[in-house]
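S.K.: Spelled out from the first residue to the last, the chains are:
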Amino acid sequence: MLLSPTLDSIIDNRRRRARRRSLVIGVLAVLLVAMFALTLLLGQSFTPPEDVIRVLLGEQVAGASFTVGQLRLPRAVLSILAGLSFGLGGVAFQIMLRNPLASPDIIGISSGASAAAVFAIVVLSLKGPLVSVIAVAAGLGVALLVYALSFRNGVAGMRLILVGIGVSAMLDSFIAYVLSRAPAWTLQEAMRWLTGSVNGAQLSDALPLVLAVVAFGGLLASRARDLDALKLGDDTAAALGVGVVRTRVMVIVAAVGMIASATAVAGPIAFVAFLSGPIAARIMENNGSLLIPSALIGAMLVLAGDYCGQFLLPSRYPVGVVTGALGAPYLIFLIVRANRTANSP
Amino acid sequence: MTAGRTEASARAPVPERSRRARGLSLAALVAILAALCALSVAIGTRAIPWADIVAALENQVLGGQVDNIGQAAVAVRIPRTLLALLAGAALGLAGAIMQGVTRNPLADPGILGVNMGASLAVAVGIAWFDISSAHAYIVAAILGAGVSAVFVYVIGSLGRGGATPLKLALAGAATSVAFSSLVIAVVLPRADIAGGVRSWQIGGVGGATFDRIFHVLPFLAAGFAIGLLSARRLNSLALGDELAAGLGERVAMARAVAALGAVLLCGATTAICGPIGFLGLVVPHLGRLLVGVDHRWLLPFSALGGACLLLAADIVGRIIARPAELDVGIVTAFVGAPVFIWMVRRQRVHEL
Numbered sequence: 104m105l106l107s108p109t110l111d112s113i114i115d116n117r118r119r120r121a122r123r124r125s126l127v128i129g130v131l132a133v134l135l136v137a138m139f140a141l142t143l144l145l146g147q148s149f150t151p152p153e154d155v156i157r158v159l160l161g162e163q164v165a166g167a168s169f170t171v172g173q174l175r176l177p178r179a180v181l182s183i184l185a186g187l188s189f190g191l192g193g194v195a196f197q198i199m200l201r202n203p204l205a206s207p208d209i210i211g212i213s214s215g216a217s218a219a220a221v222f223a224i225v226v227l228s229l230k231g232p233l234v235s236v237i238a239v240a241a242g243l244g245v246a247l248l249v250y251a252l253s254f255r256n257g258v259a260g261m262r263l264i265l266v267g268i269g270v271s272a273m274l275d276s277f278i279a280y281v282l283s284r285a286p287a288w289t290l291q292e293a294m295r296w297l298t299g300s301v302n303g304a305q306l307s308d309a310l311p312l313v314l315a316v317v318a319f320g321g322l323l324a325s326r327a328r329d330l331d332a333l334k335l336g337d338d339t340a341a342a343l344g345v346g347v348v349r350t351r352v353m354v355i356v357a358a359v360g361m362i363a364s365a366t367a368v369a370g371p372i373a374f375v376a377f378l379s380g381p382i383a384a385r386i387m388e389n390n391g392s393l394l395i396p397s398a399l400i401g402a403m404l405v406l407a408g409d410y411c412g413q414f415l416l417p418s419r420y421p422v423g424v425v426t427g428a429l430g431a432p433y434l435i436f437l438i439v440r441a442n443r444t445a446n447s448p
Numbered sequence: 574m575t576a577g578r579t580e581a582s583a584r585a586p587v588p589e590r591s592r593r594a595r596g597l598s599l600a601a602l603v604a605i606l607a608a609l610c611a612l613s614v615a616i617g618t619r620a621i622p623w624a625d626i627v628a629a630l631e632n633q634v635l636g637g638q639v640d641n642i643g644q645a646a647v648a649v650r651i652p653r654t655l656l657a658l659l660a661g662a663a664l665g666l667a668g669a670i671m672q673g674v675t676r677n678p679l680a681d682p683g684i685l686g687v688n689m690g691a692s693l694a695v696a697v698g699i700a701w702f703d704i705s706s707a708h709a710y711i712v713a714a715i716l717g718a719g720v721s722a723v724f725v726y727v728i729g730s731l732g733r734g735g736a737t738p739l740k741l742a743l744a745g746a747a748t749s750v751a752f753s754s755l756v757i758a759v760v761l762p763r764a765d766i767a768g769g770v771r772s773w774q775i776g777g778v779g780g781a782t783f784d785r786i787f788h789v790l791p792f793l794a795a796g797f798a799i800g801l802l803s804a805r806r807l808n809s810l811a812l813g814d815e816l817a818a819g820l821g822e823r824v825a826m827a828r829a830v831a832a833l834g835a836v837l838l839c840g841a842t843t844a845i846c847g848p849i850g851f852l853g854l855v856v857p858h859l860g861r862l863l864v865g866v867d868h869r870w871l872l873p874f875s876a877l878g879g880a881c882l883l884l885a886a887d888i889v890g891r892i893i894a895r896p897a898e899l900d901v902g903i904v905t906a907f908v909g910a911p912v913f914i915w916m917v918r919r920q921r922v923h924e925l
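Protein chains in written order, with my numbering: chain U, 104 to 448; chain D, 574 to 925.
The shape of chain D in the complex, shown without the other chains (with noise of 0.2 Å):
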């Protein structure tokens, strides 16, 4: 029953917070967004004075001429800095909905394959079906998400117990595993696309356009949509599938529609980055301690907080390789790999 909250919740009541504090800490964390964001325009692995910043910008706005190398490098980081907030967004709300459908403190759409299921299907789309178009690919990547997200919850689930935290998590790993040397074989093969085997196993929002972005948009917004909608619902989840029946919900209903909306964010963005990974875990756990259990705060604080994470992770990974630069997938699981490994350590292991 209490899988689903961690146990340090679990032994104290979490206080009802007051919607004062939560309020606080929201226009903290849109406050330190926007700070990311500029952090994100102004820093990187090339050193550009403010004026060709601003003229940048500037140009973004009004159309105007890019004067000089500085100037079309920020020029860059712009659409970049808008996938990674997106892309943030997507996989912390995105991990908290997974968190809560499954009432599994360890879900995560990287270490339950998802990610990975959406990267093999894009692979095979291109090397076998010769599927070009930014929609074609967006379309499997979120056919590959769905598929392995309920691949490996029925894996995880089989046997005495159902999906407890660790089968589950179990399960998605070594199908994270399978699927990653799947896609090496698919990929290899074709040269022409075999230069980005790295960009298979390890996401980035290096590569951004505007064009890009707005071909993944409207996947996103009816992720963000369905996802934010169903922070009442996954509440009701959190009580256990009988109460939530006998408050009248239809669990089954609640869980797949709550799952497709974290389908539709986790394939969208694999489609465009890559797998990233831990960050969906992170995340709600963070959100969590700020905000406490309930939905309706947990999941919009989790979309910012992933955004927040995911910026400052990418001007890390831009910032300590100078002057090359460190896919963001890389820090994220420098970042997120020592939380999973906390949280697995802090589980009361029954199955053995």
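For reference, chain U alone in the conformation it holds in the complex (with noise of 0.2 Å):
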């Protein structure tokens, strides 16, 4: 009797809460549709809604089919996917290493996977499926490379991102180099490895970033409260109850090879991965699991990214650059707030 005035407050608390998480969760899926339809709609030149759904349907539609079929959609598509990767990959690191500074973009993870993509594609000419595998392995290299290096009594976050700089410094060192060697590369092409891009997308790319995003996002999925319990520290995720090196095994795993098949397929395009988790963060205010958040926002953030880079800028930018401009102010924000927070991540 006495307890229930408080169990009722509670238990009307979580319901509102969880309201509140699938409304958010919902107005922002809405909102990622919205995106969708709009680049399907509005290119260079408005195609009317009718038309772009008969193109949908597989209907052959005279112009219609060329520009949303073969342009519009595959790179929207693309988008959505590599977004997705890139929102949900960069999000597990920030929360297994408890710091937002800790993106597979900014501790070379990323930079690993674009350097063995250049390497597949341009010095073994191979192609497709290939070049994501090769990329993701390459991703869990240099994953394991930096835990290894910055690993002396356990790993200080710190030291470990900073170790992520050194070895992606060398990376992207040995990409400009290939790239270098390559001489029938074009600007387009190479911007594609150096900042990421979506030009000249094709569905068929789509399929193996398809099969990443359900295989490792599900595994993600299904570790996804051992995850967040492992943002209370690692001794009271063990006390309660979760396998603690299992997990971030599985994490890790899952979340490289989600940010380097997109990255195969994309290009390492800039903080996504390093932006997503702390606007969801911002938006969820503390309620529930980033990820599908994070995941949807990642989406909005390339196809945004690639609309303005396109279409609302004065001149073209590949998708890469746009974000990167909007991510480094917000870096170099959050070195100056966790710096004046002095304990904190």
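Don't read these hints as lab results, they were simulated from the structure.
Even glycine gets a Cβ: it sits at the ideal position worked out from N, Cα and C.
Check before you lean on any hint, since a few could be wrong.
Covered stretches of chain D (in silico footprint by chain U; criterion: 3 or more residues with CB under 8 Å from a CB of chain U, positions within the stretch not fixed) [what the hints assert, rightly or not]:
1. 747-759
2. 898-906
Derived, one-sided and incomplete: chain U residues facing chain D with beta-carbon distance under 7 Å [as the list claims (entries may be wrong)]:
3. 224
4. 228
5. 244
6. 248
7. 251
8. 252
9. 255
10. 269
11. 273
12. 276
13. 373
14. 415
15. 418
16. 424
17. 431
18. 435
Between beta-carbon pairs, the in silico distance windows are [claimed, not checked]:
19. 627(D) / 432(U): 51 to 57 Å
20. 820(D) / 418(U): 44 to 50 Å
21. 125(U) / 720(D): 43 to 49 Å
22. 233(U) / 896(D): 28 to 34 Å
23. 414(U) / 649(D): 40 to 46 Å
24. 335(U) / 720(D): 40 to 46 Å
25. 820(D) / 201(U): 39 to 45 Å
26. 805(D) / 418(U): 27 to 33 Å
27. 911(D) / 227(U): 41 to 47 Å
28. 303(U) / 612(D): 41 to 47 Å
29. 783(D) / 432(U): 37 to 43 Å
30. 825(D) / 348(U): 46 to 52 Å
31. 303(U) / 798(D): 31 to 37 Å
32. 896(D) / 414(U): 41 to 47 Å
Assemble the dimeric complex from its two separately framed chains, guided by the hints.
M.R.: This is the structure:
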């Protein structure tokens, strides 16, 4: 009797939070769909909705079949898939290492995948899914390397980030070197591997990415609860019954897999992995797992960034330049804030 | 207090080195430098017989006629060698000064974002303000280097504990990443300069001419003079701010002057070579192993060592990628990044 009012209020509170959570995720999803629709409808010219729908249903429509079916649709689909992957993989790392700076594009994993992809394509003349496989392997290798190099009586977050920065400096030089050896390399293609771009996207590229999103995303989602427990610290998580090492290994494999697959197709789109998590955290206000909102925000960032880069800016930029310019000030802001609140991550 | 020294030197007091030992290593370094200069003229992507090399050198001095392609190639290598020499010395010295000023073993013009800042300033100047004279490039680069040095230092020293090595390195690396994506954003729409996007990201000494070197020479000379003359002040600063003030040093002034020297050196170098990283990190540490922590010796050694290392890196870059060549910035990244990682591992991490 004495407890019941409190209990009621707790239950009530939980319901309210759960409702709010699904509401926010719903809004994000609707926004994403709306942006997807917009990018299909409106490019250099406007295509009427009924034409777009007919193209999506597989009909041949004069004019629209090419612009929508060949240009806009593959681009939008690829943007969304890559964004989902970057958002998910990035936030998984940030949660696991308890540091917003520990995102794969800062600690060198994206650079590793990109370097491997460039090497596979330029030097080994490979194509398609094999490139993704190599990129994933290289991403895992770099993750392992950075972890091993920063291990010294345990891994301190700050050291891991700086070691990662050193490793990515080398990998970036390697990318520049391979690109410089490839004579028939246009600027646009080079930009893909330097900052990320979805130019010239093809629907066939999307297939390995779909598989990666389903497989690795599924793996990550199955670990969502344990991952959230890791936020409390390794010891607390272990006390709560989480297999810390096992969770960590699975999360790393899944997150690196997603990041690397996306990188193999679209290049290391700058700062999407880094930005999605903190934006999601700001929106969700500490209300449940960040995985899904962060994935949605990643997709929106890439989609919107690519659209801006194509149509809204005075000249055409690849998406990575737009997200890079967006992410850079935020990165600096984050460091300022992290320094000010001395002991925070 | 000991942040400016490596852990090793803090543990075991560096034995006072005799003047003779230092003089000997100085002579050895000069000899190595001379040998590297000769190699740099003689070796390249194209194999050239000795006779042509000698003839080309004579032409250079006496102003004769260039007879064949071999001699022409050597004629290109001479300014290139000179530029590598100057740039290496400038970056090595700048690194040593920055490590002294910030008392931070991880300081380096590349890691602290100073080179990228200079690069960004030149890119902005070309794309938006239509600057085109060599002088304007250099001034823009120096301004950019100065602004980004201050910016990174302020960001890195916010919060508890002031500018710790790791915070400063992190702030610099982040700023570097940010600037490099801004450089792409600025340069890309300009088709006329975008072809060289890579040259904005990775430094090299390939396109050297005597003309360009002459433009940058006064700035470099000023930088060298200020840098080398602040050796004694840097020695006082190494004792810690309070002690330095107690010895009658005007701490803020000493810092500002020495930093100005470093900024001049980095800015001028970046204006003609593009951002070359990690050189300023590695060289002073090697110098400390050789001559100890006294800046009066360390600074000239860092300059000489930087010149040696950059020349060596440039030669290696020309050899291993035949028939193409590797920008020297790529080689220094591969030499320097492992050293950086090694040093990060040695740092005790208090922050987390």
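S.K.: For every hint, state whether the structure bears it out.
M.R.: Hints, verified against the model:
1. 747-759: holds (count 9)
2. 898-906: holds (count 5)
3. 224: violated (17 Å)
4. 228: violated (18 Å)
5. 244: With Cβ-Cβ at 16 Å, over 7 Å, it is violated.
6. 248: violated (10 Å)
7. 251: For residue 251(U), the interface hint is violated, since the closest Cβ of chain D sits about 11 Å away, which is over 7 Å.
8. 252: Result: holds, 6 Å to nearest chain D Cβ.
9. 255: holds (6 Å)
10. 269: Residue 269(U) check passes; min Cβ-Cβ to chain D is 4 Å, inside 7 Å.
11. 273: holds (4 Å)
12. 276: holds (4 Å)
13. 373: Residue 373(U) check passes; min Cβ-Cβ to chain D is 6 Å, inside 7 Å.
14. 415: violated (13 Å)
15. 418: Interface hint status for residue 418(U): holds (4 Å vs cutoff 7 Å).
16. 424: Constraint on residue 424(U) satisfied, holds at 5 Å.
17. 431: Since the shortest Cβ distance to chain D is 3 Å, the answer is holds.
18. 435: Holds: closest Cβ of chain D sits about 6 Å from residue 435(U), inside 7 Å.
19. 627(D) / 432(U): 51 to 57 Å: holds (56 Å)
20. 820(D) / 418(U): 44 to 50 Å: violated (57 Å)
21. 125(U) / 720(D): 43 to 49 Å: holds (47 Å)
22. 233(U) / 896(D): 28 to 34 Å: holds (29 Å)
23. 414(U) / 649(D): 40 to 46 Å: Holds, at about 45 Å.
24. 335(U) / 720(D): 40 to 46 Å: Holds: the Cβ-Cβ distance is about 42 Å, inside 40 to 46 Å.
25. 820(D) / 201(U): 39 to 45 Å: holds (44 Å)
26. 805(D) / 418(U): 27 to 33 Å: Because 52 Å falls outside the window, the suggested range is violated.
27. 911(D) / 227(U): 41 to 47 Å: Cβ of residue 911(D) to Cβ of residue 227(U): about 26 Å, so the range 41 to 47 Å is violated.
28. 303(U) / 612(D): 41 to 47 Å: holds (44 Å)
29. 783(D) / 432(U): 37 to 43 Å: Check passed, 41 Å falls within 37 to 43 Å.
30. 825(D) / 348(U): 46 to 52 Å: holds (50 Å)
31. 303(U) / 798(D): 31 to 37 Å: Hint violated: Cβ distance 53 Å, outside 31 to 37 Å.
32. 896(D) / 414(U): 41 to 47 Å: holds (42 Å)
Hints 3, 4, 5, 6, 7, 14, 20, 26, 27 and 31 from the earlier list are contradicted by this structure; the remaining hints agree with it.
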